[in-house]
Amino acid sequence: MVKQVPDIESVRFDLETGRLDRSSAEGVTNPFDLNALEVGVQIKERLGGRITAISMGPPKAESTLRDCLARGADRAILLTDRRFAGADTLATSYTLACAIRELGRFDLIVCGEKTLDGDTAQVGPEVAELLGVPHVSYVEEVVAFTHERITVKSDIGRFHYIYELRYPCLITVTKNVNIPRLPTLKDKILARKARVEVWDAERLSRVAEPDRFGLKGSPTTVVKVFSSLPSGRRGVILEGDAEELADRLLNVLREVGALKMEKGGT
Amino acid sequence: MVFAEQNESVIHPVTFELLGKGRELADRLGVDLSAVLLGYGVEDEAFNLIRHGADRVYLFEDRSLKEFDAVRYKENIVPLLREVKPSVFLVGATRIGRSLAPRVAAALRTGLTADCTDLDVDEEGNLIQVRPAFSGNIMAVIRTRTRPQIATVRYKVMKPPEPDPKRRGEIIRRDVKVVKDSGLRILKKEPVRGVDLTEAEVIVSCGRGVKRREDLVIFKELAAVLGGVFGSSRPLVDCGWVERERQVGFSGNVVKPKVYIACGISGSPQHLFGMRDSDVIIAINKDPSAPIFNVADYGFVGDMYEIVPLLVKKIKNLERACLDRS
Chain A
27 MVKQVPDIES
37 VRFDLETGRL
47 DRSSAEGVTN
57 PFDLNALEVG
67 VQIKERLGGR
77 ITAISMGPPK
87 AESTLRDCLA
97 RGADRAILLT
107 DRRFAGADTL
117 ATSYTLACAI
127 RELGRFDLIV
137 CGEKTLDGDT
147 AQVGPEVAEL
157 LGVPHVSYVE
167 EVVAFTHERI
177 TVKSDIGRFH
187 YIYELRYPCL
197 ITVTKNVNIP
207 RLPTLKDKIL
217 ARKARVEVWD
227 AERLSRVAEP
237 DRFGLKGSPT
247 TVVKVFSSLP
257 SGRRGVILEG
267 DAEELADRLL
277 NVLREVGALK
287 MEKGGT
Chain B
-7 MVFAEQNESV
3 IHPVTFELLG
13 KGRELADRLG
23 VDLSAVLLGY
33 GVEDEAFNLI
43 RHGADRVYLF
53 EDRSLKEFDA
63 VRYKENIVPL
73 LREVKPSVFL
83 VGATRIGRSL
93 APRVAAALRT
103 GLTADCTDLD
113 VDEEGNLIQV
123 RPAFSGNIMA
133 VIRTRTRPQI
143 ATVRYKVMKP
153 PEPDPKRRGE
163 IIRRDVKVVK
173 DSGLRILKKE
183 PVRGVDLTEA
193 EVIVSCGRGV
203 KRREDLVIFK
213 ELAAVLGGVF
223 GSSRPLVDCG
233 WVERERQVGF
243 SGNVVKPKVY
253 IACGISGSPQ
263 HLFGMRDSDV
273 IIAINKDPSA
283 PIFNVADYGF
293 VGDMYEIVPL
303 LVKKIKNLER
313 ACLDRS
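Residue numbers (the numbering used here), protein chains in the order written: chain A, 27 to 292; chain B, -7 to 318.
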């Protein structure tokens, strides 16, 4: 009987394992997003409500949304369109925010702290700003929740903070926030038959300025990429038996000033 | 312009590093370097910012700004940026910075590049931003076509400048936009009694070479006799043997100790990202082809289970000998 609608936004998926050739690897759900979804499921279990999983991505991201349905989402929406492609975080956030606005009222948006391929951790707070709601990033624990508010724990530097946020609001969660439950076989079978809604740019035209989608709406561009393997620092490589190596290592530590007793003398 | 981050009226050291880099970029572009500081009772720190290179400090002081609140801070910073129109806005990639910068960027509809490891300017005065992607496996060069160009930079990536006590600058007190209700309330704040790897001078770190959780004691002892801190690469944290605060690497801490000793760590790009700027890198690994040897100043090919206990014994003997002498 609860009118609350916890909307869950599962942001950006597809971890490409290893190589840059995206087509060769399978897409998986961004692990942090599973934690996000689990937050929603735990709230729904206690307070009721509905969970909507949203993602912007290529058509194959549908599998991730289906995964969300198997894990407790009630509704799943894939935002896919060539016009969304090439988006940086601002354009991505804009697209997601438009879709959420199109969905109507929401109480809580939960996202993973970041994605494993983009690593920016920007989309959550950017969406919060575009929707005009408060947010807390890096939530380590959901302490309490009601129909009006949510209380969370997050760390800043050397301090633990307990924050209380009023709905509507957004939180991004770390892996520490929970352990996502696994979908049962039955859940997976049901999810296979469920419908994943697919929305394109037209569907958002009521609330959006299309110039802000995709490549056009991206103020940042990647000019080039290069391998991050560091070069040429390789120094002395020593082999020998353990006793010899321990001696040589002791000398090295002495030389570099790491031995306590050598410092500050008597 | 540099965002000066503070907590309890203490400026976070990343701010000084940003001022150092900011000064360099500002000089190249022939413009001034300013800083924006929000808080309550932080005026003294404004002078500190000038000593570290700021020509001007925009100061926002109000009780409502004492603690970080992303909405309240953004509501004051955005109009300032619109008015002053800096070409570049630098923010530390701390929890605060990563929460604040995206809101500011979205409000200004401008580009934000996170976790830059290098910043430069090209001939046309555009910012060249280099950052890692794919969990540190590749580096990407990013350009922003809007202004301001916003970038976040992690602590210990840039060098802090030497403060100049004679340096003069302007402090401009700005009217604060007081947001009575941002939707966020702080219920509690308490200090964390945790480990801080980023300030350690010596770090002894372990990786997958450790076979059992109980074996960690061997390496923790090495850390102890060297007066250092024990750290770990990701696998040991993921399986719950080591606390997350001790993780060194792209998803953990970036450290720059005087001495980094890597035991049984293969040297994935993800890990190297977190420690490759250490002054001296020592690696112990059974596998001579382990990538860690490509960055080690001193590499020891051998069994750490044998070498480390022997080393600890030798160090203790030395200590005893020193004590006996005195």
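Read the hints as simulated data drawn from the structure, not as lab findings. Any given hint might turn out to be false.
[To be verified] To give a feel for the contact side, a few chain B residues facing chain A, derived at Cβ under 8 Å:
(1) Val149
(2) Pro153
(3) Val194
(4) Lys248
[As the list claims (entries may be wrong)] What the simulated footprint calls covered on chain A by chain B, stretch by stretch (three residues with Cβ under 8 Å from a Cβ of chain B suffice, anywhere in the stretch; the number is not a length):
(5) 71 to 82
(6) 89 to 97
(7) 132 to 146
(8) 179 to 189
(9) 216 to 227
[What the hints assert, rightly or not] Straight line, CA to CA, 30 Å or less: simulated DSS-like cross-link-like pairs of lysine-lysine:
(10) Lys201/A <-> Lys169/B
(11) Lys179/A <-> Lys77/B
(12) Lys248/B <-> Lys201/A
(13) Lys305/B <-> Lys179/A
(14) Lys169/B <-> Lys212/B
(15) Lys306/B <-> Lys201/A
(16) Lys181/B <-> Lys201/A
(17) Lys242/A <-> Lys305/B
(18) Lys286/A <-> Lys151/B
(19) Lys172/B <-> Lys286/A
(20) Lys180/B <-> Lys286/A
(21) Lys179/A <-> Lys158/B
(22) Lys151/B <-> Lys250/A
(23) Lys77/B <-> Lys172/B
(24) Lys70/A <-> Lys58/B
(25) Lys278/B <-> Lys212/B
(26) Lys286/A <-> Lys148/B
(27) Lys201/A <-> Lys305/B
(28) Lys169/B <-> Lys77/B
(29) Lys286/A <-> Lys306/B
(30) Lys169/B <-> Lys286/A
(31) Lys169/B <-> Lys179/A
(32) Lys158/B <-> Lys286/A
(33) Lys58/B <-> Lys181/B
(34) Lys250/A <-> Lys169/B
(35) Lys203/B <-> Lys201/A
(36) Lys181/B <-> Lys77/B
(37) Lys278/B <-> Lys286/A
(38) Lys278/B <-> Lys250/B
(39) Lys181/B <-> Lys286/A
(40) Lys250/A <-> Lys308/B
All values reported here derive from a predicted model rather than from experimental measurement. No residue lacks a Cβ here, since even glycine has one placed at the ideal position from N, Cα and C.
query: Is the Cα-Cα distance between Lys169/B and Lys77/B 30 Å or less?
result: holds (19 Å)
- prompt: Within the stretch 71 to 82 of chain A, is the number of residues with a Cβ closer than 8 Å to a Cβ of chain B three or more?
  reply: Since 0 is below three, the answer is violated.
message: Given the hinted pair Lys278/B and Lys212/B, is their Cα-Cα distance within 30 Å?
response: Roughly 19 Å between the alpha carbons, so the hint for Lys278/B and Lys212/B holds.
- request: Take a quick look at whether Lys77/B and Lys172/B sit within 30 Å of each other, Cα to Cα.
  value: Holds - the C-alpha atoms of Lys172/B and Lys77/B are around 27 Å apart, at most 30 Å.
message: Checking one constraint from the list: CA of Lys181/B to CA of Lys77/B, max 30 Å. Satisfied?
response: violated (35 Å)
- prompt: Between Lys278/B and Lys250/B, is the straight-line Cα distance small enough, at 30 Å or below?
  reply: Roughly 24 Å between the alpha carbons, so the hint for Lys278/B and Lys250/B holds.
task: Sort out whether Lys286/A lies within 30 Å of Lys158/B, counting only the CA atoms.
output: Judged against 30 Å, a Cα distance of about 37 Å means the pair is violated.
query: Is the straight-line distance between the alpha-carbon of Lys201/A and that of Lys305/B 30 Å or less?
result: Distance ~39 Å between Lys201/A and Lys305/B Cα, so the pair is violated.
task: Decide if the proposed pair is consistent with the structure: Lys248/B and Lys201/A, CA atoms, cutoff 30 Å inclusive.
output: holds (26 Å)
- prompt: Is it true that the CA of Lys181/B sits at most 30 Å from the CA of Lys286/A?
  reply: Violated, at about 36 Å.
- request: Mind checking the alpha carbons of Lys169/B and Lys212/B for me, to see if they're no more than 30 Å apart?
  value: violated (50 Å)
task: Verify the interface restraint on Val149/B: the C-beta must sit less than 8 Å from at least one C-beta of chain A.
output: Status violated, d = 14 Å.
Taken one by one, the earlier hints fail for this structure at numbers 1, 2, 4, 5, 6, 9, 10, 11, 13, 14, 15, 17, 19, 20, 21, 24, 27, 30, 32, 34, 36, 39 and 40, listed in ascending order.
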